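Chain order of the listed sequences is A and B. According to my numbering, the first sequence is numbered sequentially starting from 1. According to my numbering, the second sequence is numbered sequentially starting from 72.
Worth flagging that the hints you see were computed from the coordinates, not collected in a lab. Nothing here was measured: the structure is a model prediction, and the numbers come from that model. It is possible that some hints are incorrect.
Stretch-level coverage of chain B by chain A, calculated; a stretch enters the list once three of its residues show a Cβ under 8 Å from a Cβ in chain A [to be verified]: (1) 77-84; (2) 128-137; (3) 167-174; (4) 261-272.
C-beta: ideal position from N, C-alpha, C; glycine also.
The lines below spell out each chain.
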Amino acid sequence: MPEDKQAKTATLLLRGQRYTVPAGLRIREAIRHIGLTPESYLAVRDGELVPDDERLKAGEVIRLIAVISGG
Amino acid sequence: MRRCKKCGAPAVIYMRQHRLGLCKAHYLEWFVEQTERSIRRYRMFTREEKILVAVSGGKDSLAVWDVLWRLGYAADGLYIALGIDGGIGYSAESQRLSEQFAAERGLTLHIVDIPGEYGLGVPELARRSRRGKGKPCSVCGLVKRHEMNRIAHDMGYDVLVTGHNLDDEVAVLFGNVLQWQMGYIVRQGPVLPAEPGFARKAKPLVRFYERETAAYALLRGIEYIYDECPFAQGAKSIYYKELLNRLEEARPGAKLQFYINFLKAKEEGWFRDPRAADGPVRVVLHRCESCGQPTTAPGKCAFCRLMEQVGARPSAASTA
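From just these sequences and the hints, can you work out the full model?
Written as structure tokens, this is what we have:
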């Protein structure tokens, strides 16, 4: 990805899938942006859990953890 | 940046339904305190009682066992090996994680191996039975309930604890309300009292959202099985949870209110059998002529009928 484009985006990582989202969004907005329900995920930044109302910084990677289980 | 309401350090979680952000240390403290409050509020059990925790290797059951251990309750674990592989060694990995968890804390874990004891695992039981046609979860639930109750009863445990969280409870309640299954609705709650042949059942995590139990497991460094059971794909309960999470997204606290107000209405007596003058709906129980466990109909219980139908070995099971 070109450098200027990368500077304006962040990445959400879920089960090995990478989703490019605009930087500056709150994490929960970014989860909604990729068509998922924020309530069903936790967000991890650099191995640390973070509240999903934090804003995404350009270039960073947030790992999403699906929390729903059942059957 | 969101700050911890208690100490002002960076928060790791924000719970919109409580309007509460907490740092790691205070979240872990809060989670344990809230669990203890639920145990007392619903009179689940005491420190003098023998507790058996049903452990699946998932986040909820390991989280509840961890909290009970930290609070000093006498809690052993029970893992039921269901013989599910699904190309990912699902049961084997769940068992490994449960054993690892118990070993790290010096806890006792009983293991029941369904294929070893009955000759068939859950996938095969489901394939061969009428009950399991297209719905192995139904067979799985039946097997687990039967075995949990058998072990709790035979080994003299006072109470059987499960890791059910609020999302589990709300999904079940929602499904039952959609069908107006009054028989199930009146029996639902954080504690199911003991009945002859049935151990008391308690759900200490019943007031936590699923994301909160997952957060607890992550923050405590508990290694749990992250993969979903291969048979759970497309399960109704997961569909309901997704639906309810979309509602929660628009109206924070909706799930909590739905459940808490249900319990309140139940306590106030809104759910009573019109045929019973003085109490909630009661089911008449019989003794299974094969295994001796209580059953709603005379003759054999559903578990023994299933085993007979599929030609599995009769109940002679033991625990490790």
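Taking the hints in turn, this is what the structure says about them:
1. 77-84: holds (count 3)
2. 128-137: holds (count 3)
3. 167-174: Answer violated; 0 residues pass the 8 Å Cβ test.
4. 261-272: Since 0 is below three, the answer is violated.
Hint violations for this structure: numbers 3, 4, all remaining hints satisfied.
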